[in-house]
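If you read the protein sequences in the order shown, they are chains A and B. If you read the first sequence in the numbering used here, its first letter stands for residue 1, the second for the next number, and so on. If you read the second sequence in the numbering used here, its first letter stands for residue 1, the second for the next number, and so on.
Don't read these hints as lab results, they were simulated from the structure. Keep in mind that a hint or two might mislead.
Pairs count within a copy or across copies, as identical chains cannot be separated in the list.
To be verified - Here are the computed lysine-lysine pairs in the DSS-like style, where the Cα-Cα straight-line distance is at most 30 Å:
hint: 1; residue 1: 367; residue 2: 4
hint: 2; residue 1: 84; residue 2: 236
hint: 3; residue 1: 396; residue 2: 66
hint: 4; residue 1: 180; residue 2: 292
hint: 5; residue 1: 180; residue 2: 396
hint: 6; residue 1: 38; residue 2: 349
hint: 7; residue 1: 396; residue 2: 103
hint: 8; residue 1: 182; residue 2: 332
hint: 9; residue 1: 66; residue 2: 4
hint: 10; residue 1: 393; residue 2: 66
hint: 11; residue 1: 349; residue 2: 97
hint: 12; residue 1: 38; residue 2: 288
hint: 13; residue 1: 180; residue 2: 367
hint: 14; residue 1: 292; residue 2: 4
hint: 15; residue 1: 66; residue 2: 395
hint: 16; residue 1: 38; residue 2: 180
hint: 17; residue 1: 332; residue 2: 38
Protein chains: 2
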Amino acid sequence: MILKGNAIVGQSGGPTSAINATLSGVIRGCHKSEEISKLYGMENGIEGFLNEDIIDLSYLFGDEDKLALLELTPSSALGSCRRKLPPLENKNEIYDKIFTLFKKYDIRYFFYIGGNDSMDTVLKLSKYANSIDYDIRIMGVPKTIDNDLVLTDHTPGFGSAAKFIATTIKEIACDCSVYKIKAVTIVEMMGRDAGWLTAAAALPKYYDGLGADLIYLPEFFFEDDKFISSVNEQLKTHPNVVVAVSEGIRYENGTYVGEGKQSGATDAFGHKYLAGTAKYLEMLVREKIGCKVRSVELNLPQRCSAHIASATDIDESVAIGKSAVEFALDGKSGKMPIFVRQSGEYSVKIECADVNEIANKVKFVPKGFINEEGNNVTKECIEYITPLIIGEKTKKYENGMPVHLCLK
Amino acid sequence: MILKGNAIVGQSGGPTSAINATLSGVIRGCHKSEEISKLYGMENGIEGFLNEDIIDLSYLFGDEDKLALLELTPSSALGSCRRKLPPLENKNEIYDKIFTLFKKYDIRYFFYIGGNDSMDTVLKLSKYANSIDYDIRIMGVPKTIDNDLVLTDHTPGFGSAAKFIATTIKEIACDCSVYKIKAVTIVEMMGRDAGWLTAAAALPKYYDGLGADLIYLPEFFFEDDKFISSVNEQLKTHPNVVVAVSEGIRYENGTYVGEGKQSGATDAFGHKYLAGTAKYLEMLVREKIGCKVRSVELNLPQRCSAHIASATDIDESVAIGKSAVEFALDGKSGKMPIFVRQSGEYSVKIECADVNEIANKVKFVPKGFINEEGNNVTKECIEYITPLIIGEKTKKYENGMPVHLCLK
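Starting from the given sequences, assemble the full structure and let the hints guide the process.
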């Protein structure tokens, strides 16, 4: 069971506000272990590793100040990539190369922090290791603001993004409430397939009465007419209506709202131009209702606003990184640690799941979390999200800005 | 000199993260005075006042908990309006009505928190009061994220917006740095005439080496070709280029970049469509350089992200509200308190200026604050902005979101 050697960690896919907290957890876990001598970091994920772009992270072992900074640094401190490994069936030199490098650096522990595609990498590498009988423990560690990995109760990174969204929607709703003339504000959240992030926009109104009045997720087919009549309905009771939409909402025929109806639109250079989902709905409201209307895309700050990270999310992200190391030391491979929500007051247990059952699957917002009209979420959904955004971390500021740790 | 009676306060123009801190300052100032019995608040500025939409704010006198919450509540808690009063020369029933209401409620102190247009209201009302010999002290209190009021060193509200921008640009630059492929990210800030907010985007790179590489303000004529060559120049030295632009950048012929070159663009309904400044530049980079490019509009969160308010800004905003009351008690009218920056370590003195010299004027970013190429700001500019974004307030959170005070 005991396997001595070095470890390597990488980050892959879109960055989040908590992915470096998980990296810190892996560093803390490796530091504690007697089996692991050195921890390497791959720059830009598996792609950088193939070029031997690696750095020795062992200098961070036990450096509490630097690790605390790392945990509140947004984005992937090691860099990232979007490279998907080829199918195993193809005799491919890439796998040979990776394992040659594993041997060269005596790598016996491999940690890959990422989402769906990254779990695919973990799955393939662990299968390949088995096939060539190389003794290595390959672990995936979840992260994604999209919260769309199956089996785990939620994903590290989601809570911080959800906290940013709930807070920002609350502030935008304050901002929009100052005039008495009728106005519609449409806010677009990330989420191509799953509506988890947009669902977080429901929290301010639920708890404080002021927030997003209508919520549209990709899980429920969108209809222009029903949307306009819901907005009109809202405008009857109060002049400032706030609408939250996922970028991925689509019509029953499968086309995205952000592209389906815009075939006539051209940009300044005569190219076909996609305005974005909220922008399209802004045009629709202007055309059909005619009141003041504007659209806001929350865009990149959703996944990098570490200054408003959720303490629950950051702490859990560190914990799951540590657990990944512990599971690996315990002999697990081809696995990913997951959160299992306990009953009663909010807490999670971290268990180990088969990456095979996670890779390339998507967890959608379930039917019971969306109301019948498809224009809001239910109390169950709010209660699911709320504990994930609780708590604030004390950050270090210099020159008025949060301090980050640069690894590269 | 002693004038006894009631006071009224209103908020006008676009909301900010600090305008309620100034309201709190006015409340604190009135509470302390012996001359002022009651403090009324006008809902939706002068427009609401004309409908007698007023509330008694005296219940907040001495309520430290509520005032502390109010100081960190974004947007105008009393509501706002954009109503400009007609010229005084026109015999107008509006002035009669306003002063009839002043008499009805025995209002002897009038505080109007706002920007340029609001100072115009203050100017007209104080002239009218003189003309009819009604004893009242009419004071403007500055606020605007745009920082474009003359005479004052800076405006309340600017520091918090600048802190949000500097922080967000720092986080976006982290986010954009994870891949090695060439990519340009164009971030658009508010600022139709003056580039102060966009200038704040320069801070992260100046202090930490990672941030906006190029900065474009409305004060310097924009040229597409020069812009493309500057971006290309940047791409030679690092793959991820971040550009900050004001919404109001324009060409030498006066047309805005956001509209000048888009005459061919049409929306989904066949209407002429303005994509926004950053969106246009995104298209331009795609057309002329062809690398990965995206645009981000910071939009409303710039003026309502109270969760990352600058402590300096909030404290100064409270102080200037208090000072407005003190100046009025001292007999001043038709005035506005201003910040005068002291030499040496950063501090301000609050003095009193003539609203006549402030109304309807714009303070632009001076030439010495912009570099020769017109694609960045100077050290002097950075040193001017930095102290304004220093410090963080401890906020109260409930259910993971900041708590706000609702007045209406």
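A quick look at each hint next to the structure:
1. 367 <-> 4: neither (47 Å within a copy, 63 Å between copies)
2. 84 <-> 236: Answer is between; shortest inter-copy Cα gap is 28 Å, intra-copy 50 Å.
3. 396 <-> 66: Both: 12 Å inside a chain and 28 Å across chains, each within 30 Å.
4. 180 <-> 292: within (11 Å within a copy, 42 Å between copies)
5. 180 <-> 396: between (40 Å within a copy, 29 Å between copies)
6. 38 <-> 349: Only inside one copy: residue 38 and residue 349 sit 28 Å apart there, 57 Å across copies, limit 30 Å.
7. 396 <-> 103: neither (40 Å within a copy, 52 Å between copies)
8. 182 <-> 332: neither (59 Å within a copy, 38 Å between copies)
9. 66 <-> 4: This pair counts as within: shortest intra-copy Cα distance 26 Å, inter-copy 59 Å.
10. 393 <-> 66: both (15 Å within a copy, 24 Å between copies)
11. 349 <-> 97: So residue 349 and residue 97 fail the 30 Å test inside a copy (37 Å) and across (67 Å) alike.
12. 38 <-> 288: neither (63 Å within a copy, 46 Å between copies)
13. 180 <-> 367: neither (36 Å within a copy, 40 Å between copies)
14. 292 <-> 4: Answer is neither; intra-copy 66 Å and inter-copy 43 Å both fail.
15. 66 <-> 395: both (13 Å within a copy, 26 Å between copies)
16. 38 <-> 180: Classified as between: cross-chain Cα gap 26 Å, same-chain 63 Å, threshold 30 Å.
17. 332 <-> 38: For residue 332 and residue 38, only the intra-copy Cα distance (19 Å) is at most 30 Å; the inter-copy one is 71 Å.
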